[in-house]
Structure formats: C-alpha cells, structure tokens
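Q: Here is how the chains run, residue by residue.
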Amino acid sequence: MRLPCPLCGDRDRREFYYQGHAVALDRPARDAGDGAWDDYLHNRDNIAGEVRDLWHHEAGCGAWIEVTRNTVTHVVSGARLVRGTAK
Amino acid sequence: MARLIANTPCAGLLPKTIGSVSLSEVDAGVVTLVAPFNGQQKAVSDALKSAIGVGFVAPNRCVGTSPRVMWCGMGQALVMGVDCPDLPAQCVDHSDAWAIVRIDGAGADAVLARLTPIDLRASVFKKGHTARTLIGHMTGGITRLGAQSFEVMVMRSMAATLVHELVQAAENMDARAGLSA
Amino acid sequence: MRIAGKGLNAGGAPVSFSFDGTIYEGREGDTLAAALLANDVRLVGRSFKYHRPRGILTAGSEEPNALVTLGTHAAQDPNIRATTQELYDGLAARSQNAWPSLKRDAMAVNDLMSPFLSAGFYYKTFMWPKSFWEKVYEPIIRRAAGLGAISGVTNEDTYEKAFAHCDVLVIGAGPAGLMAALVAAQAGADVILADEDSRMGGRLLAETYSVDGREGADWAADIVARLMAMDNVRLMTRTTITGAYDQGTFGALERVTHHTAATQAPRECFWRIVAKRSILCAGALERPIAFPNNDRPGIMTAGAVRAYLNRWGVAPGKSVTIFANNDDAHRTAVDLVEAGVKVAGVIDSRADVQALGDYPIFTNGKVVGTKGRLGLESITVQHSGGTRDIRTDCLAMSGGWNPTVHLTCHMNGRPTWNDDILSFVPTDGAIPDMTVAGAARGVFSTHGCLEDGIAAARAVVDTLGLDAVAVDTPSADDSAYRIEPLWQVEGKGRKWLDFQNDVHVKDIKLAAQENFRSVEHMKRYTTQGMATDQGKNSNVAALAVLADATGRGIPETGTTTFRPPYAPVSIAAMGAGAQGHGFAPERHMTSHQATLDRGAPMIEAGLWYRPSYFPKQGETTWLESCNREVGMVRNTVGICDVSTLGKIDIQGPDAAAFLDFVYCNTFSTLKEYRVRYGLMLREDGHVMDDGTTARLGANHYVMTTTTAAAGQVMKHLDWVSQALRPDLDVRFASVTEQWAQFAVAGPKSRDLLNTVLDADIDGESWPFMACGDVSIGGIVGRLFRISFSGEHAYEVSVPARFGASLFRQLCAQAEAMGGGVYGMEALNVLRIEKGFITHSEIHGRVSAFDIGFGRMVSQKKDCIGNAASQRPGLLEAEREQLVGFKPVDKAEKLTAGAHLFVEGADAVRLNDQGYVTSVCHSPTLGHDLALGFLRDGANRHGETVMMVDHLRGVKTLCEVCHPVFFDPDNTRAKETSNG
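Chains as they are written, first to last, in my numbering: chain A, 10 to 96; chain B, 2 to 182; chain C, 3 to 981.
To be clear, the hints were calculated from the coordinates, so they are not data collected in a lab.
Just so you know, even glycine gets a beta-carbon here, dropped at the ideal spot from N, CA and C.
Mixed in with the good hints there might be a few duds.
[Unchecked claim] Quick list of in silico lysine-lysine cross-link-like pairs, BS3-like style, CA-CA up to 30 Å: (1) B/Lys127 <-> C/Lys278; (2) C/Lys344 <-> C/Lys508; (3) C/Lys717 <-> C/Lys862; (4) B/Lys128 <-> C/Lys373; (5) C/Lys862 <-> C/Lys895; (6) C/Lys344 <-> C/Lys673; (7) C/Lys278 <-> C/Lys373; (8) C/Lys673 <-> C/Lys618; (9) C/Lys976 <-> B/Lys43.
[To be verified] Rough simulated footprint, nothing fancy, chain B against chain A, three-plus residues with beta-carbon under 8 Å: (10) 67-74; (11) 81-87.
[What the hints assert, rightly or not] Restraint ranges, calculated between C-beta atoms of paired labels, are given here: (12) C/Arg954 <-> B/Gly30: 26 to 32 Å; (13) B/Gly30 <-> C/Arg847: 43 to 49 Å; (14) C/Ala898 <-> B/Ala178: 50 to 56 Å.
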C-alpha cells in the first residue's frame, strides 16, 4: 500500500502512522457539551466506501495528512496537508 | 575544571570497504536546524542567501556542498557546514544530533535498496535530491551526492545500528557478486 | 532415461547428487526432478493423508507431490519442490512423510482405512470424549498427516529483503512476457521482467516450437540478451511474484542460493516491487484428469512429459501412453516419437480426432484403471473398439490448460468462466493498472502469445505517455486449441483431484450430499485446494465435479479465490535481517561504552539500552548493588545518564500559548531560567505524559518527555500544531540526540559540579528549579536544578560529542567523593521512595484526578483533554486513586501487579479494590514499598488492605499511605545552603 504525501510524493505505507477518521479535525469548543465531545472522541461510523482518514508521515516529513481512500476498492483518490485545512 | 574530548558518532566503526562499496563517516561541521516562523520563509531564504550564498530549500532538495542547506522535514532545513546567521526562524544547534555515513562505489544504490522503501532510481532520485524516509527500521534521511554516492543520516544514538545494517547489506551484495549464474 | 543429444542442457557437465542416501548422476542444468527421472526414479514421496506412493506430476512450481527435504540440522529445508530445485554437485535430498522407508511406509495402512477417512472424518470421528481432543487425537493426527519437518534448530542462514521500483513489471518470461518486456523497454520504460525459472523463455524451453524460423529456446535467448543489454531493464530470474497488493505493490521471492552449495550469500531475498503498471504473462497450468487411481508414480501431465523430454533430454518412461481431451497433448506423442521413445497409444476422449504422427490412437477413449503399486505398470482403456490393457510405465495426461489467474485474485477479483477453453480467465480490472497477456488470459498459441504481449505492452506504454516502437510479430505456430469437456472417468478406484491434500472425486460428492454446496464450504469440508499448492492443478476440475453433483453449471457454482503467496514463501525471507542486532534499532547513550566497561548489565527501555546497575567487586546480587547505589545518592552523590529522556526545543512568538494548550497546567507564567513540572493529557482526559519544561527565553522553552513517550509526544505536538492550532506561531524540534544529559544527585552534588564547571555555582544563584547555560572546559552546556530522586540534584547537559568524556569525569569525581554511578534499579527505588510516577502509573487509563493532580488541570484556559477530564465519570470518588503501600509486617514482600482486597474478602475479581503498579525494597526505610491504585484511595490513608498476587502466590497485609514515603516536605531537594 502506498500513500501520496503532498510533500514527499508516493511513499510506502510503512512510513505512515494511522490515526483514524478526519472528524478529529473538527475539535468542539471546550463547553460544547458531552454529546459533542463524545461524538468527537469516540463515535465513528464503519464506512464501506470512501473515507477521509488522518495519517502522520512519521518516518518522513512529519506532516499530518488527510487521505481520501475507498475501504472497498482500496483506491486512494487524494491527500492533502492538514495544516491550513482544519477549522 | 574539566577538559572535554569530542567523539564522533561512528568512532571506531568506520571507515570500511566491502566489495565495491566504501562506508565513511561524514563530519558535517556546524549543523543548525532552521524552521522559519509563520510567513517568514522568504525572509529566511533571503537572509540565508546573502549570508551563506544558499537560500532556504524546497522539500526533498539539498543545495550546495559546503555550506549547504538540506531540507529535513515539513518547514525545516539543516544549514550545514557554516555558522547560521540570525534568522526569523527557530534555529537549533543540531551539530551533534546526527550520525552521517557516506556510501560510495558501484552498487551503492543496490545496498541502499536493501534498507529503504523509497525509489532510488537515478531518473527519479537525482543528485541534490534528499528524502526523509526509513533506513531499515530507523527514521532518517538519504541524499544523493552522485551516480553511486549517497549520504545516509540517522539519529546519533543509532550510529551502531546504521553501520550494522549498511555492512550487512553490503556484505550480502558482495557475496551475491561471487555467485555463479 | 536420458536420451543422447537431446535437451537444452545436452552438453552439461555431470553432477553427483543423492536421494535417500543413494548416489546418482545428473547433469548441469537439471532440476532434481529431471535428474531423478533420468535415473528412472519414479517414486519420490508419500501423500499427505493416505501415505500413497507418489511420483513427479509436473515440471514447475505447481508440483503437489514431489516434495523433498534438503540439508540437515540447522540448514534443514523441508517441502522443497523437486521440480524447481536446480541440481548442484553434492545435493542431498530426502523423501518426506514416510517411515521406515519410502518403499515400505508403515503409515500406508491409512490407505486401507480410507473408507473411514473420507472428507470431514475429523469432524465426525474425533468428537468424543472431549478430553481426547488435545492429548490423544491431535498428536496422532499430526504425526500421521504431514509434510516435511523443520529441524527445530535456529536457522543460521542469511536472508535478505529489498525494494525495487519500475514503470512496468512484466510477470513471466514466456513468449508473451518477453515481447511485452521488449516493447515496453524499447519505448523507454523502466522494466522489471521476473520469472520463477532459472532461465527465461517459459514454455518455449519445453516445446519444439520454432519462432521466427528458429528454435524457440534460441529465439528466447536472443531476446533475453537484447533485454540484458538495455540499462532500463532489470531481469530477475528465480524470482516468483508472490502477491499483488494495493497501489502497484508486489511481493516477490528470489531464490538466491538454492541452486548452489554456497553458504555465504543470502539464501533468499524477499522483494517489494512497486510498479506503475504491470503485465501478467504467467502462462497456464495443465490440469490432470480424474480417472481411477490416477495418482501412481509415472502418471504425469502431458506438458511435463514434453518439458522433461525437450528441455532436459529425459524420457519419463520407456513406453509412454497419453490420455487427453484436447489437441495439445498430441504434441507430446509427436515429440516422443521424434525422439525415438515408444508411444504405446494416445487415448483421446473425443470421437473426431486423428493422429498427428506415427502412434496408435484410441478415440472415444478413457483410462478406467491403472496398475502398479510403487509405479505405473499398465492401464485399462475403454475406447470405440472395446476395452484393453496397455503396458506402460508413463502415462501423460491432459485435461486442458488453466490460465494462471492467481495474481488477479489477490485483490478480491474473481475470474470469469470461458467456455471456449473450459477454464477461468482473469476479469478485466481485477488488479488496478495490471494488463494480462498471453496464455494467462486464455490465448494459447505461440503466435497469439507473441502478438498479445506486444499489444499489451503497446497499450501500457501509451498510458505512461511513451511511444512504442513498431515491432513485427515473429512468425510462430498459430494452431487453434481444441478441447472437449472431460472432468472425471467412472470406474473402480479413487479418482484423485487434489494430490497434495489427498482429495478425490467422492469427497467432493460427499460434500455436496451433506449440503456443503457452496464452493467455499466444499473447499473447507474437503480441504480441496487448501494445501501449499493452493490446488493449482485441481481446483477447476473439483469445481466441475461439484457443479455436476449439485446440478449446476460451473459459472453458477463459482470459484474459490486465490490468496498470496502464489508459491510458498519462507517466514525467514519475510523476516529477513531481523535476527540478532537486526531485530530492532539499538539506541546507545554516549556513556554506552563506559557503562559496558563497568560491567553493568543493560536493560532495554524502548529502543534504548540503559544500565540496570553497576556491580562492585564482592557484590553477588543486583539488590546489593542497587541498595548501595541508593545509599550513595541519599548520602553522598550519584551520577546517572538521563539522555534518553525526550528533549524538544520549542520556539516562537506563541511558544508560551502553545505550551498552555498542550499541558493541562500553565507555562506562560513560568519565569525565564526556571523549570516547571508539566502534565500532558490526551484529548479524552487521561494522562499522556509528564515531564519538566524549562524556559530559556521569552519565546524559547525546552520540554522534556519520558523516555517511553518521546515519539508519541512529538507526533502529538505535530498534530496540535498542524491540525488544531495552526494559528499559533511556534516551531519545535527534537534535541534529544543533540545533548548528552547526566543527573548529578545527592547532598554533595553541588560540590561535585563545582569541580567540573568553569565557574562555581551556589544555592542562591541556582535554587531549586533553576536552569541556564554553564561552561564546562570552555564548552557551553546547560544546567537544570531538578530532582527525580528527591535529593539536592541537577541535570547537566553538553553537546553529545562530549558526552562520553563528561560522563567519565563525573563518575571519577563522584567516586573520589565517596559516591559513584547508578543505574535504573536505583533510579526506580529513589523515585518510588519519593512517590514520583512513571508510565507504570500513567499507563493510559488514569486521569489527573486519579494521580492526585486534579487541581493541576487549569480551568482558566482550554487545553488538550480539558473538556473530557471534567466528565463526571473521571472525577468520581469511587475511582481507583494513587496511594502508597507498606507491609504491616515490615519483613513481608510486596509485588508489582498484585491486586488489592478488603481484609477477609475473597480474592476474586468482583471484590477487587485496586492493584499495585510499582514496588521496590527501600534501603532507606528498611522495608518494601509500593505504589498503586486503590478505590477511593485518597480517603483511605491509614487503612489496611490485603495485597494478593495469585501469580506468584504472595499475600501481604498492607497499610495504605500517602504515595510520598520519604521527605514529604521536599526539604532535601530544595536545599539552599551554600555549604
């Protein structure tokens, strides 16, 4: 498996650390309430199809990236740097 | 009063020649990690250019010989072989942070292909290209210096492992060369 | 039997080898199978389940029968296919799964028992009593059923792994693959051409076809030579592409030294090949026909007989018969006749066929029985003209050819049934960016393969933006492939399908009868296709039998899938290099050599190697050394290398705001040249890490992390900075490796430092938690007055190049002052005595509240973990909280990992009150101490609880106390006198 790092180009999966769904970019306000924080921290859909995942190019440039990937076909259709794209 | 004696990371381990490749330790001199603050990349580049003749570098590039500037991660570069001027950037002394080994000779690329998942083909990874990647299980950097000449760097504490991995790979290549078809 | 002058290796030198102790002569270029057949050795193994005598079935890696063991002791290598093993001088092979000998195998009694050992017999027979499952049945079954054995001795051979990248990977170097590689390479693409054989050419090496008016093998050699001369081509022989994975990644196994007696070079290399495009030219595999007793040694596939004859000059029999349902098998007869080998008859199941040469033909023919216990002696044939027995020592059978679709199934693709060739062909797009050409997609003529290889490569280079150079298709045979269905022949005796797992037609029918009608259920019930050959030459026929038994067509019945690896891969190759020092990187401190010189045993802390303790002469246990080292720090001074702690340099206008956001407590209020303890939470409110952070300037901090969490914290800071707070102008970089840092701890620490620092320090200028630059022998270092021992202590750091030198001088000074160096054991005791936590306590499930630091979570600001840490569930009193434990009887032991119970309660899970995380013997206090978590612990100081360690059988009554056992007011660390 290979992922397209926006800085380093296509790289082997072993250079990356997997974090999970990109919902982690949408951090609620401190006082958003338990429901919002539960959704942010714990509740995840198990999607068959296109997902946005967070990966850290740990053994590379150190960038956090958001990868669009299909869990059924394994097609990776894009990746972008998290810096500058988060809320 | 103390009198401190300096040691290099690969002291006692290198140089070595195995078959057609040779391994030697690189003393990069003063090394400063430079990370420009928000919006300061151009200012940093200009200041570097006027002070040392080489500006800040694009990702995956290494410019100059001595001094030189080597990209080393998102928004970071190493200024090597010269005192770093004052810059609107985080500047951190990294002179002692790295073990740097140079590998030269026919088959140097084949030796590295035993250790790194990156594409080392000359048409893709050219002279002056650098990559942050894995060397065995270690994170580090690889820079192409010439057709069969590379520089590999890992954290200083892993110097012995780096030498072990390079030597093992080179010995395997050398033993293969001795096989009959 | 060798035929003079015949074979591509006709001029090869003689090679001596042995099989089961008998010495034979083979020829350079032979496979072991070819050499055995040349010596008329037909019996080579016993089958997996019934121990039936078996011979060589094929001439390739799909071989199910001819598995042998090479080497002995640590070099013992079982399950080597004789059909791919190249011969070398001195090769010694042994048969497998037979005792006492191959010819008289005691377990062959299984074959007589076969009516009781049908499919599913394990499930039906070994049901009761349950207590027999593991102790009686399994050992018996494992001993009886099996292949070769491993030696049980550590393998000392070297294995290798490597990476390769290319534009076009061509898999298989037959006519299609050679043309595809040539066209792609001539267009300028970087090409890797891989083939599992030692020589490229594919079936051209095994046939008498001509290409471009020349011998096929010569033509192939020419193309190979042309490819070899191109610097954008890499030829990989003896390399099996074992798997197709995501984004153009392929696994490949190169057998580097299997063909030699060499021991220096790596035995195998496991490659990861990344290709922009791939062209699968893997050819096709011939399938047997399921007729009664079709498994005797001497019965082979027709294509294999041609391969042995044409490539190695070996006739597998003196009087050969052929049984087929297609035209292709007739070539076997033609080639044999031409070579002067007697063809006793071609039995063709079809009505309308003619002989292509001078041999008897039996149309509408079927082989309905065979004879010969250890090797074929005769066959019984039914044909248009009646029934007759034919004496024959080799029967070449062909049920048709199956395209080698395996790799196209590795990403969940299912092949498609093709009625013209009566087999499955790859489905388009099964593997992204892979094109299939030649016999692998059912194009069976040589001309067709050449043409298809060219066309595939032209299309592929076009997608790469390259221009293909025009190539004429070389002239070659283009006859049609004619075949009629024939899957099984009725008659008395078992009709074998899967030779490697001993599955026959009746097993499949039984599965259908017992309602295992789904192909996947049938597979698992019968084990059809589940052996190491994955049913390469049997699956299609088994499907046909199942389809028939369930009254469905083959396309409806469907097919099972193929998974990586295409051919077996040794675990040693996949784990290559990971033995000994190669297992994981070793991180050495600058004091590493000096530490070894002092005889300290090392312990691993993550990747770091740290000294456990420093034994002095006369000390016989680690505890003696540890106790001395603790006393040294408490009474004089000790030195410890603490360089392994993560150090992160943080700079920028918003550095303080950033730290306030990542730590639960506040750092913007920290004065310059002062240090503060910080607690870092995860976003879910639990503790991530702790450590001290020093402020070296208005916008400059140095954070320390624990050794264990350094990587995790760096990744976390990257996350916070890039994803959550890109608005903050801050930069950070690891300086862990730049600085060598040493703890100097004990009442005499300042005195010691004043012997090495260029300028003396005193209590006023360097109070507790001060930090700043110092000069040591003219070198700028850093000094932090912090303490992890509770003593008056410092940590001093210098650039790493001076680390070894400073360490030796600090140790020498400490020893001169009555102190010395200490290791991890003493460090642990010192911190437990002071109630300082490590990752034993902050193990991922505890909150700041649990460790008594609830008030550190500042409510004046937001920070990572702030919101979640305030959830009621993380603050309730019933949670397990950090406390200390002392044995009520001071002589009793405490153990880490033990659980806590109310005195008198049963020591069972439901009564669990908490657990012990850290334990030491305190030489300072004269008894054991423990830290741990106890339900509502903060309110239970002074109570007694029972500590129970079921694992070690320890039970100790403990007093619950405050976690700080020693110097609770911290007066020692805060020492201010200047004396």
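Q: Take the hints in turn and mark each one as holding or not.
A: Against the structure, the hints:
For the hint linking B/Lys127 to C/Lys278, the alpha-carbon distance of about 19 Å falls within 30 Å, and the restraint holds. Pair hint C/Lys344 plus C/Lys508 does not hold up; C-alpha atoms about 34 Å apart against a cutoff of 30 Å. For the suggested pair C/Lys717 and C/Lys862, the alpha carbons sit about 26 Å apart, so the restraint of at most 30 Å is met. For the suggested pair B/Lys128 and C/Lys373, the alpha carbons sit about 70 Å apart, so the restraint of at most 30 Å is broken.
The hinted pair formed by C/Lys862 and C/Lys895 fails the criterion: a straight-line CA distance of about 45 Å is larger than 30 Å. Straight-line distance between C-alpha atoms of C/Lys344 and C/Lys673 comes to about 100 Å, which puts the hinted pair past the 30 Å bound. Annotation: proposed proximity of C/Lys278 to C/Lys373 is violated, straight-line Cα distance about 53 Å (limit 30 Å). Between the alpha carbons of C/Lys673 and C/Lys618 the distance comes to roughly 43 Å, so the proposed pair goes past 30 Å and is violated.
Restraint check for C/Lys976 and B/Lys43: the C-alpha separation of about 48 Å exceeds 30 Å, so the hint is violated. For the region 67-74 of chain A, the assignment as covered by chain B holds, since 6 residues bring a beta-carbon within under 8 Å of that chain's beta-carbons and 3 suffice. Using a Cβ-Cβ cut-off of 8 Å, 0 residues of the region 81-87 of chain A lie near chain B, which falls short of the minimum of three, so the contact claim is violated. Range check, C/Arg954 to B/Gly30: about 56 Å between beta-carbon atoms, so the 26 to 32 Å window is missed.
Judged by the Cβ atoms, the range 43 to 49 Å given for B/Gly30 and C/Arg847 holds: they are separated by roughly 48 Å. For C/Ala898 and B/Ala178, the Cβ-Cβ distance of about 53 Å falls inside the hinted range of 50 to 56 Å, so the restraint holds.
Taken one by one, the earlier hints fail for this structure at numbers 2, 4, 5, 6, 7, 8, 9, 11 and 12, listed in ascending order.
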